[in-house]
Amino acid sequence: MMRYLAILLAGLFVSATSAAAQNGPLRIEITEGVIEPLPYAVPNFVPEGTESTEYAASISRVIAGDLSGTGLFREIPSSAYISGINDFAAPVQYADWKAINAQALVTGAVNVSGNSLVVKFRVYDVFSGAELGNGLQFAGTVEGWRRIAHKVADTVYSRITGEGGYFDSRVVFVSETGPKDERKQRLAIMDYDGANIQFLTGSEAIVLAPRFSPTGDRVLYTSYESGFPRIYLLDVGNVQRRLLEQQDGTMSFAPRFAPDGQTVVYSLTRGGNTDIFTLDVTSGAGVRLTSAPSIETAPSFSPDGTQIVFESDRSGSQQLYVMPAGGGEARRISFGQGRYGTPVWSPRGDLVAFTKQSKGRFHIGVMRLDGSEERLLTASFLDEGPTWAPNGRVLMFTRESQGADGRASLYSVDISGRNLKPIRTPDGASDPSWSPLQK
Amino acid sequence: MRLMTKAMILTAGLVLAACTNPNSFGRGGGDALNGAGAAGSASDPTSVAYFEQAVGDRVLFAVDQSTIASDYVEVLNGQANWLTTNGDFVAVIEGHADEQGTSEYNLALGARRANAVREYLISRGVAGNRLQVVSYGKERPIEVCSDEACYTKNRRAVTVLSSGLSG
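Just so you know, the sequences run in chain order E and U.
Start counting the first sequence at 1; every next residue gets the next number (my numbering).
Start counting the second sequence at 1001; every next residue gets the next number (my numbering).
Isolated chain E, as found in the complex (with noise of 0.2 Å):
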């Protein structure tokens, strides 16, 4: 069994106390309260070669970046060292990354060869004096020098926490420009900490709401390009897309894929009334799976496939619903003061998020499927459309500012409600969907 340090995500609202200066095995205080991070060192990774020394000191950074952007950990800076690591393979020297209190310790080298790239790297539990699991190493080309730094601290967050992890992922959003009267929509993608931004449309018509498929290989949106609001199907890898549905005298918008990639659920507007319906992507199929003169719309399946969530204000106010994924009777989950919309199922299927109106403030909330421990994590102006992080545990979500100089941007914040902090874009930034982990 995998023996963690001193934090424990089990549960919904966990955090740990990370147990400084302790000898011997690490205690686990399990507590709602503020999380003490725990402190780690990434020494720069040891150089293999000269063409090696720039990527070892990038790699090192990018990796410290994602542990501590977790919140979860706090790095301690390289001024308060005792010793380096000069020696990939000599043994590690306990005793000086104790007295500065680092309680994990990742070290690594990198050669760069030519075109590609090799990441070896370890991590240890330094207060125990031994090695967490084994030491890895990853490949691949110098350009991707950043997904294999997401790699590694993915794996030193798993083995530190018992989690998935979530740094080598990308995150699909619309990309915005200009006044609120005049904006320029264009869909882009990046990494999920914001570097490599990459355009996959113009900015002629207005995009909304691009959504992953399962795989993260293509990307459901919503375009004006015909005039009306269109589902459409982007190929990341080839930026080629097609028109999904088109129906004329409707609306589509709001789509999301089932579990399969295959089905896509979405909602289509005829006179006025907006249900929810399937589609099959290869062959077209269709099926209606609401009629009711309410709106019913962005619908989102449980991880497993079997039911939809959705909105409603079929009961005179927007709220959340769930539904078998054929259709047929829905049962109400949210029941608080307020608003609910654009509810998301996690990908562990325990929670729902979604966007919660109140009082003339937008939060962004989880809760459960049986519509019980309701927590909202965040409170603003306008606070919408989370999206889960591949692990189930970080949201990420729009938040719009106030006025006529209103910009969109991007934020993420811990199921806890801890960690709230925004995405760097160029731009302005809305309607971002996580990817899947990278394989």
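Take these hints with a grain of salt, some might be off.
[Unchecked claim] Below 30 Å or equal to it, Euclidean Cα-Cα: the simulated DSBU-like pairs (lysine-lysine) are:
| id | chain 1 | residue 1 | chain 2 | residue 2 |
| --- | --- | --- | --- | --- |
| 1 | E | K184 | U | K1153 |
| 2 | E | K98 | E | K120 |
| 3 | E | K359 | E | K421 |
| 4 | U | K1153 | E | K359 |
The set of hints was computed from the structure by calculation and includes no laboratory data.
Starting from the known structure of chain E, fit chain U onto it as the hints suggest.
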């Protein structure tokens, strides 16, 4: 600077761009005339300018509502009469919402508003195949402040004319 430009356009009221971009939408003065040629003078009752200014091209809605308020019945009766008289024109009715609300819901709400106008015009004798609807949700406000003064103008359905000649 930008606001001033817009204010000037609004004042002038007659500025119309012949525009083929399918994303154009009915802004302050209306700029979505799909290549139909001259908008004409407001003094010409068969002109688009007359429709927009003398008849009135839009209906405003209460928060989260799509019911046509009695204040706008006269505007819509005028629209129906104008469309009946000027049979060469077709219209796209654009529904919009203010920024208070989530994106998907506002798209559906804008569609309800646009459809309410369409249904009314049909009830006044306009052929349904001349009237399309589209919703922009909260994506295209015409007023940018985050107050009711702006929101009230953004919750709108705008009847945007184009020449039916192109089909």
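Failing hints, ascending? Failing hints: none at all.
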